[in-house]
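So the sequence lines, in the order shown, correspond to chains A and B.
Each residue of the first sequence is one higher than the one before, starting from 1 at the first, in the numbering used here.
Each residue of the second sequence is one higher than the one before, starting from 1001 at the first, in the numbering used here.
Hints were generated in silico from the structure; no laboratory data involved.
Honestly, I wouldn't trust all of these hints.
Claimed, not checked - Chain B is nowhere near these chain A residues, computed Cβ spacing over 12 Å in every case:
| id | residue |
| --- | --- |
| 1 | Ala9 |
| 2 | Glu11 |
| 3 | Glu17 |
| 4 | Asp22 |
| 5 | Trp23 |
Unchecked claim - Have a look at the derived ranges for each label pair, beta carbon to beta carbon:
| id | chain 1 | residue 1 | chain 2 | residue 2 | range |
| --- | --- | --- | --- | --- | --- |
| 6 | B | Ala1080 | A | Thr7 | 31 to 39 Å |
| 7 | B | Val1130 | A | Asp37 | 35 to 43 Å |
| 8 | A | Asp37 | B | Arg1107 | 22 to 30 Å |
Built from N, CA and C at the ideal position, the CB exists for glycine as well.
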Amino acid sequence: MALATATVAGEMAVFTEGKPEDWDGVIALGHLPVFTD
Amino acid sequence: MLTTLACTPKGKCRFLEFESIHGTVVYSGVARRRGEPGGASVASPNRLRKMKGRRMSYDGRVFTVQLGGVIRKLPLFEVAPGVKIAIFNMLGDTEVVETAAALLATRLPTGAEVLVVPEVKAVPLAHALVGRQQAALRGRAQGAQALHGELPRNRSAQHHHRRAADALRGWQGRPSGARQAGRPGGRCDQHRQHDSAGCAN
Chain A
1 MALATATVAG
11 EMAVFTEGKP
21 EDWDGVIALG
31 HLPVFTD
Chain B
1001 MLTTLACTPK
1011 GKCRFLEFES
1021 IHGTVVYSGV
1031 ARRRGEPGGA
1041 SVASPNRLRK
1051 MKGRRMSYDG
1061 RVFTVQLGGV
1071 IRKLPLFEVA
1081 PGVKIAIFNM
1091 LGDTEVVETA
1101 AALLATRLPT
1111 GAEVLVVPEV
1121 KAVPLAHALV
1131 GRQQAALRGR
1141 AQGAQALHGE
1151 LPRNRSAQHH
1161 HRRAADALRG
1171 WQGRPSGARQ
1181 AGRPGGRCDQ
1191 HRQHDSAGCA
1201 N
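Full structure from sequences and hints, please.
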């Protein structure tokens, strides 16, 4: 993106995964947890 | 269980195994190339038994997600000892792709001109998103054209007709609404002429 001198207007995803706080800047429709025993 | 043999024109083959879990086709193994130790060019029962040891662990549990009105049960796979993730793959699930695109389109950042997605599972989503964005722009343009196409005879009505069409096209060259208050006398040209003619509206 830097090479193209682009300005990132936003980041989107259908789902984020893992820790929700890691994806604060991402527009997403849902979140998938990681399941640990 | 679905088994297929994928070969290149040069005869290099890979033995692929797929499994349908709750309607989701899951790719679960790659055999060795023909000629390599244990390699085979046909799906023999012995090959299937050997491949089973390389499959991700799945115990039948699912994680249910909802996108708009679409519900999917995602299989939980153990990807590392003690770590399970919900497998989400929308490639081929057109209902999920269209629904996700419709929902994301409403949250698309204003001013976005280009959509960049990683290869390859997100490509259908980008396609659906762009289609919706273009349809929205086309609708606005057609609405503006339709408004301009049938101008009323009354001059004042024409003025409001054009302003509505301009608003549909997103054109802001002429002050409207709150912007109009910034003009001399708080009126646009048309309305100032209206005022000078002695009309209260």
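For each hint, the structure was consulted:
no.	hint	in the structure
1	Ala9	violated (4 Å)
2	Glu11	violated (9 Å)
3	Glu17	violated (7 Å)
4	Asp22	holds (15 Å)
5	Trp23	holds (14 Å)
6	B:Ala1080 <-> A:Thr7: 31 to 39 Å	holds (37 Å)
7	B:Val1130 <-> A:Asp37: 35 to 43 Å	holds (42 Å)
8	A:Asp37 <-> B:Arg1107: 22 to 30 Å	violated (35 Å)
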